[in-house]
Amino acid sequence: MMAKARLRSRMAQIGPPIVVAAVLIGLWEAFVKARDIQPFLLPAPSLIWDQFWAFDDKIWEATKVSGTNALVGLVFGTAAGVLGALVASRFRLFRDMALPVAAALNTMPIIALAPMFNNMFSSTSPVPRRLVVTIVVFFPVFLNILKGLTQVDATHVELMRSYASSDSHVLRKLRLPNALPFLFTSLKIAASLAVIAAVVAEYFGGAQNGLGSRITSAVSNSANGRAWAYVVAACALGLTFYLISLVLERLAMPWQAKRRGAT
Amino acid sequence: MNTPEPATVRAVAVSKIFNPDKANQVDALIDVDLTVEPGELVSLIGPSGCGKSTLLRLIANLIEPTSGELAVNGKSARQARLDQDYGMAFQQAGLFEWRTVARNIELPLELRKWSKAERRARASEMLELVKLGEFANHHPWELSGGMQQRVAIARALSFRPRMLLMDEPFGALDEMTREHMQAELLRICSETGTTVVFVTHSIPEAVYLSNRVVVMSPRPGRIVRVVDVPLGRRDDDTRESAEFFKKITEVREALRGTEGGGDLGPAEVERLRHAGGDLR
Chain A
30 MMAKARLRSR MAQIGPPIVV AAVLIGLWEA FVKARDIQPF LLPAPSLIWD
80 QFWAFDDKIW EATKVSGTNA LVGLVFGTAA GVLGALVASR FRLFRDMALP
130 VAAALNTMPI IALAPMFNNM FSSTSPVPRR LVVTIVVFFP VFLNILKGLT
180 QVDATHVELM RSYASSDSHV LRKLRLPNAL PFLFTSLKIA ASLAVIAAVV
230 AEYFGGAQNG LGSRITSAVS NSANGRAWAY VVAACALGLT FYLISLVLER
280 LAMPWQAKRR GAT
Chain B
114 MNTPEPATVR AVAVSKIFNP DKANQVDALI DVDLTVEPGE LVSLIGPSGC
164 GKSTLLRLIA NLIEPTSGEL AVNGKSARQA RLDQDYGMAF QQAGLFEWRT
214 VARNIELPLE LRKWSKAERR ARASEMLELV KLGEFANHHP WELSGGMQQR
264 VAIARALSFR PRMLLMDEPF GALDEMTREH MQAELLRICS ETGTTVVFVT
314 HSIPEAVYLS NRVVVMSPRP GRIVRVVDVP LGRRDDDTRE SAEFFKKITE
364 VREALRGTEG GGDLGPAEVE RLRHAGGDLR
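First to last, the sequence lines map onto chains A and B. For the record, in the first sequence the residue sitting at position 59 is 88 according to the numbering used here, with numbers rising by one throughout. For the record, in the second sequence the residue sitting at position 177 is 290 according to the numbering used here, with numbers rising by one throughout.
Any given hint might turn out to be false.
[Stated by the list, open to error] Distance condition first, Cα-Cα at most 25 Å in a straight line; then the derived DSS-like pairs of lysine-lysine:
#1 A/LYS62 with A/LYS202
#2 A/LYS176 with A/LYS93
#3 A/LYS202 with B/LYS229
#4 B/LYS229 with B/LYS244
#5 A/LYS202 with A/LYS176
#6 B/LYS226 with A/LYS202
[To be verified] Anything over 10 Å on all C-beta distances counts as not near chain A; from chain B, calculated:
#7 PRO119
#8 ARG170
#9 ALA173
#10 GLY181
#11 GLY200
#12 GLY207
#13 GLU210
#14 GLU241
#15 LYS244
#16 HIS252
#17 GLY258
#18 GLU288
#19 GLU297
#20 LEU299
#21 ARG365
No lab work stands behind these hints: they were computed from the structure. From the three backbone atoms N, C-alpha and C, an ideal C-beta is built for every residue, glycine too.
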């Protein structure tokens with residue numbers, strides 16, 4: 030009974046969005062066919078589908094390249110964000126100085142730095158893209174973790190003080206577990222951002238092997254269907270990153286999932 | 114019983130002034146004298162701003178007094194905190210939501226570097242004490258407010274401190290749960306021989322629980338009266354006894370203070386004299 034009920038609620042959850050997506054794609058197809066829209070303006074979903082499978086080897090290669098860039102940047106950016114937040118939570122002066130700057134930088138289009146980074150490294154180097162991703166990922170992670178480390182329940186702080194606990198105890202037993210939900214909130218944001226940054230950074234030149242470069246070169250060859258097939262791959266890549274961070278969240282904080290299920 | 118035990122709490126002329134010499138100076142506590150003997154249950158009661166929570170936090174050494182002497186278990190309040198002579202419970206249960214009930218109770222034991230087996234054993238012992246044995250592996254949000262407070266009390270007592278400091282621990286509970294928790298607290302304290310300092314704004318709660326009720330008044334925070342409550346062993350009948358109501362009336366009149374009428378405590382009379390004509 031329980032399993033059946035759970036399956037039904039899961040279907041109720043994922044059913045509607047699938048229907049909406051199918052209807053939208055159907056309308057798109059019908060619109061293109063009915064109005065005889067040229068493929069260089071808007072290719073039909075069926076054309077994109079054909080192109081996707083015609084070039085699936087190349088798409089897979091490009092996805093691996095961009096995915097690796099996004100992953101490397103995500104890992105380094107997250108690590109830097111966590112370390113930075115630990116330092117900032119420990120030293121008030123540093124926090125007061127760094128926080129407004131970080132908040133301001135977080136609102137800026139860091140991707141605009143890509144052409145400059147491209148000039149700093151050799152033309153085939155993946156480093157400039159990974160650097161852009163790292164910086165893009167850093168800020169949301171840094172800001173969220175810092176919030177999680179510092180916005181601690183006042184009762185918990187008094188409790189730890191009543192236990193005469195050391196700073197390292199307070200960090201390990203209270204601040205870090207308190208920051209865990211904030212880490213995964215930021216990771217879910219950063220995972221999508223990382224893929225966007227990795228793909229868009231390729232629009233500004235450099236090595237021609239990732240999804241972004243393939244999209245621009247397909248468009249400049251008027252191969253619009255192919256360009257869209259690469260876009261679909263980029264979307265799938267972003268979704269994959271997001272879902273993986275969702276799974277990690279479930280694994281790291283089973284009590285949260287349990288709680289959501291209970292209420 | 115040959116060597117007399119030091120008083121559990123001994124405060125002499127303790128004052129706490131927040132933001133001294135600034136525009137927002139607050140005289141939270143002025144000239145407080147208080148002695149709590151081992152095994153006593155003493156309540157601090159008064160309107161908000163009377164400094165009852167401040168006094169509790171001074172005893173807990175969560176804040177330092179501005180002046181005066183404060184000894185806990187015959188040593189400085191700071192040393193008593195470092196030695197973890199007391200356990201503490203707050204109005205919010207303050208459980209860690211990422212820990213199970215049992216592991217919440219184990220927290221202070223972890224900090225004291227107890228082995229896992231010892232922690233397990235003590236946690237289940239404490240859970241039996243607060244009658245939550247079957248909830249060891251639940252998470253806090255799966256428990257009612259009263260159950261969460263019982264876990265908080267079990268956590269506070271897990272390392273067997275001689276004193277329990279409680280800051281309106283039942284304040285957020287409904288009346289029925291509250292009365293049940295009061296009875297539970299008395300049972301636990303008589304089983305463990307724990308001394309309790311208990312902050313509350315409920316008169317019946319203070320009278321029901323305490324050997325003595327310390328009545329405090331605000332602006333500046335001070336003790337106006339100490340009401341002895343020699344009601345003997347408490348049970349459900351206590352709440353309906355004539356003496357119980359007499360004591361409630363006595364505390365209520367002490368709280369009214371400035372409204373005159375009843376018999377004012379000497380400290381209150383003194384305060385009124387200092388206040389001049391300002392009777393608010």
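Now for the hints, and whether the structure bears them out:
Between the alpha carbons of A/LYS62 and A/LYS202 the distance comes to roughly 61 Å, so the proposed pair goes past 25 Å and is violated. Between the alpha carbons of A/LYS176 and A/LYS93 the distance comes to roughly 34 Å, so the proposed pair goes past 25 Å and is violated. For the hint linking A/LYS202 to B/LYS229, the alpha-carbon distance of about 16 Å falls within 25 Å, and the restraint holds. Straight-line distance between C-alpha atoms of B/LYS229 and B/LYS244 comes to about 22 Å, which keeps the hinted pair within the 25 Å bound.
Pair hint A/LYS202 plus A/LYS176 holds up; C-alpha atoms about 16 Å apart against a cutoff of 25 Å. For a cut-off of 25 Å, the pair hint linking B/LYS226 to A/LYS202 stands: about 13 Å separates their Cα positions. No beta-carbon of chain A is positioned within 10 Å of the beta-carbon of B/PRO119; the least distance is around 20 Å. For B/ARG170, the non-interface assignment is contradicted: its Cβ lies about 8 Å from the closest Cβ of chain A, within the 10 Å cut-off.
For B/ALA173, the requirement that its beta carbon stay farther than 10 Å from each beta carbon of chain A is not met, with the minimum near 6 Å. Distance to chain A confirms B/GLY181 as a non-interface residue, since its nearest Cβ pair spans about 21 Å, more than 10 Å. Non-interface status of B/GLY200 relative to chain A is broken: a Cβ of that chain comes within 10 Å, the nearest being about 8 Å off. Distance check for B/GLY207 against chain A: the nearest CB is about 4 Å away, which does not clear 10 Å, and the non-interface claim fails.
Annotated as non-interface, B/GLU210 brings its C-beta within 10 Å of a C-beta of chain A; the closest such distance is 7 Å. Listed as a non-interface residue, B/GLU241 keeps its Cβ farther than 10 Å from every Cβ of chain A; the least gap is roughly 23 Å. Remark: the non-interface label on B/LYS244 is consistent with the geometry, its nearest Cβ contact in chain A lying 23 Å away (cut-off 10 Å). With 10 Å as the threshold on Cβ separation, the claim that B/HIS252 sits away from chain A is violated: the shortest Cβ distance comes to roughly 5 Å.
Listed as outside the interface, B/GLY258 is consistent with that label: its C-beta sits roughly 14 Å from the nearest C-beta of chain A, beyond the 10 Å cut-off. Every CB of chain A is more than 10 Å from the CB of B/GLU288 (nearest about 23 Å), matching its label as outside the interface. With a least beta-carbon separation of about 21 Å from chain A, B/GLU297 lies farther than 10 Å from that chain, consistent with its non-interface assignment. For B/LEU299, the shortest C-beta to C-beta distance to chain A comes to about 23 Å, beyond the 10 Å cut-off, and the non-interface label holds.
With a least CB separation of 30 Å from chain A, B/ARG365 remains clear of the 10 Å interface cut-off, as annotated.
Hints 1, 2, 8, 9, 11, 12, 13, 16, counting from the list given before, are not met by this structure.
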